[in-house]
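Undergrad: Given next are the chains, with one letter for each unit.
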Amino acid sequence: MNKSGFSILLFSGDYDKCLAAMILANGARDLQMQADVFCAFWGLLLLRDPEKLSMEDKDLYEKMFTAATPAGAENLPLSKMNMAGAGKQMLLNMMASKEAPNLVEFLNGAFHNGVRFHACELSMKIMGFKSEELLPGVEVRNVHEYLQQARQAEIQLFI
Amino acid sequence: MNKSGFSILLFSGDYDKCLAAMILANGARDLQMQADVFCAFWGLLLLRDPEKLSMEDKDLYEKMFTAATPAGAENLPLSKMNMAGAGKQMLLNMMASKEAPNLVEFLNGAFHNGVRFHACELSMKIMGFKSEELLPGVEVRNVHEYLQQARQAEIQLFI
Amino acid sequence: MNKSGFSILLFSGDYDKCLAAMILANGARDLQMQADVFCAFWGLLLLRDPEKLSMEDKDLYEKMFTAATPAGAENLPLSKMNMAGAGKQMLLNMMASKEAPNLVEFLNGAFHNGVRFHACELSMKIMGFKSEELLPGVEVRNVHEYLQQARQAEIQLFI
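Residue numbers (the numbering used here), protein chains in the order written: chain W, 548 to 706; chain R, 548 to 706; chain E, 548 to 706.
Keep in mind that a hint or two might mislead.
A pair holds if it fits inside one copy or across any two, identical chains being indistinguishable in the list.
Derived BS3-like pairs: lysine-lysine, alpha-carbon spacing no greater than 25 angstroms straight-line [claimed, not checked]: (1) Lys627 with Lys610; (2) Lys645 with Lys635; (3) Lys599 with Lys677; (4) Lys635 with Lys672; (5) Lys605 with Lys627; (6) Lys599 with Lys610; (7) Lys610 with Lys672; (8) Lys599 with Lys645; (9) Lys635 with Lys605; (10) Lys645 with Lys677; (11) Lys627 with Lys672; (12) Lys645 with Lys627; (13) Lys610 with Lys645; (14) Lys677 with Lys605; (15) Lys677 with Lys635.
These are calculated hints, taken from the structure and not from any lab test.
With the sequences and hints as input, model every part of the structure.
TA: This is the structure:
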């Protein structure tokens with residue numbers, strides 16, 4: 548069996564952890580490794596298209612959930628020291644002063660560099676997300692597909 | 548060396564992360580992979596039997612800890628948006644409306660499907676948990692046993 | 548390819564998660580496995596030398612960040628039940644009563660046992676940490692170096 552990939556199960560919807568995931572996935576592509584990011588639960592929030600959120604055909608809880616969660620990647624909170632956004636703004640300022648890209652730029656770079664994004668089918672169903680609400684190019688996959696892909700990879704991380 | 552297993556080190560005691568761990572472990576069993584879940588620190592809270600919590604032979608801190616932590620799997624909080632339980636209730640409602648099993652059902656399924664559960668010996672000692680307080684079928688293991696088993700697995704995740 | 552290592556990407560700066568990382572890395576060394584701990588983002592807080600924090604040549608945000616973050620390993624908060632330090636103190640008391648080492652003792656043991664520590668170059672740059680502020684023996688590495696090392700390991704965890 549030829550193992551040559553890098554696999555992330557992105558469960559977290561934190562700005563800093565998503566940033567780490569994107570830096571790793573882009574780094575793997577630089578090394579010509581196949582890179583797969585399987586987004587589940589809060590990790591799906593990275594893949595929502597802020598322009599395409601919809602309340603159509605959603606039940607009450609799904610509507611509440613759509614409204615209560617960050618609309619897109621740049622709106623995600625930090626995993627710690629978020630301090631109602633003040634800590635996050637500080638991190639963003641520190642990143643900008645070093646001319647580091649922000650999360651959406653890293654995410655766009657990842658799509659452009661051939662990182663493959665997958666959305667967890669069961670999480671989509673539970674949270675009431677529709678595939679039309681996600682960024683273009685994302686494939687919906689189930690847990691068996693994740694496991695089959697991850698076991699071929701050289702590195703598997705849960706973030 | 549024949550690698551064919553799936554290994555989780557479950558450190559988190561969050562409802563949503565434990566749910567993810569159980570869905571993954573059950574999925575691995577569907578694919579005929581051996582699946583091992585090694586519970587450490589907060590992850591031990593998944594394995595406590597709510598009927599068997601005991602204050603006997605515990606020192607003051609151990610009693611406080613027993614009393615201050617969730618008594619069983621269904622009492623675990625969400626890793627985010629828990630909002631004093633309101634966010635968790637919303638998730639439970641969303642799961643129920645899709646007829647998704649709850650955590651205890653996934654956990655029972657995992658035992659039934661042959662997922663092997665291990666409790667970290669050092670964590671048990673520090674937190675003052677006794678093996679009689681855990682669900683039946685859980686084996687107490689040390690860190691060397693975890694590492695020896697994990698290095699045989701195809702996929703290792705820290706959750 | 549000869550795989551015989553244990554690799555941790557330590558992203559978290561939580562006391563309990565750092566403790567788990569050190570116990571695992573020391574355990575891997577006991578088994579004669581090479582053990583590498585690559586510290587990124589909040590994980591860098593484990594490697595700061597409390598005696599060597601400096602405000603020199605730092606911009607305003609870097610100074611604020613230096614001041615707002617825990618000065619060394621023993622000052623890190625718990626990932627949950629920290630309760631403004633009360634929960635952490637309870638854990639420390641429980642550990643001490645079992646004569647378990649604290650985090651700094653595990654960390655020193657890890658250096659002594661030959662665990663190799665790496666600091667993420669990009670995280671250092673963004674947070675404004677200088678290599679002189681870190682514990683002696685820590686090497687600064689980039690994401691490509693992490694990936695190249697991790698793909699040689701038998702076990703890779705993101706903590």
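Undergrad: All hints are to be evaluated individually against the structure, with a verdict given for each.
TA: Cross-check of the supplied hints:
1. Lys627 with Lys610: Answer is between; shortest inter-copy Cα gap is 18 angstroms, intra-copy 27 angstroms.
2. Lys645 with Lys635: Answer is within; shortest intra-copy Cα gap is 16 angstroms, inter-copy 35 angstroms.
3. Lys599 with Lys677: within (10 angstroms within a copy, 43 angstroms between copies)
4. Lys635 with Lys672: Only across copies: Lys635 and Lys672 sit 17 angstroms apart there, 30 angstroms inside one copy, limit 25 angstroms.
5. Lys605 with Lys627: between (32 angstroms within a copy, 22 angstroms between copies)
6. Lys599 with Lys610: within (14 angstroms within a copy, 40 angstroms between copies)
7. Lys610 with Lys672: Classified as within; 13 angstroms inside a copy, 41 angstroms across copies.
8. Lys599 with Lys645: Result: close only across copies, 23 angstroms inter versus 32 angstroms intra.
9. Lys635 with Lys605: between (31 angstroms within a copy, 19 angstroms between copies)
10. Lys645 with Lys677: This pair counts as between: shortest inter-copy Cα distance 14 angstroms, intra-copy 37 angstroms.
11. Lys627 with Lys672: between (28 angstroms within a copy, 19 angstroms between copies)
12. Lys645 with Lys627: Result: close within a single copy only, 21 angstroms intra versus 30 angstroms inter.
13. Lys610 with Lys645: Result: close only across copies, 15 angstroms inter versus 39 angstroms intra.
14. Lys677 with Lys605: within (10 angstroms within a copy, 46 angstroms between copies)
15. Lys677 with Lys635: Only across copies: Lys677 and Lys635 sit 22 angstroms apart there, 29 angstroms inside one copy, limit 25 angstroms.
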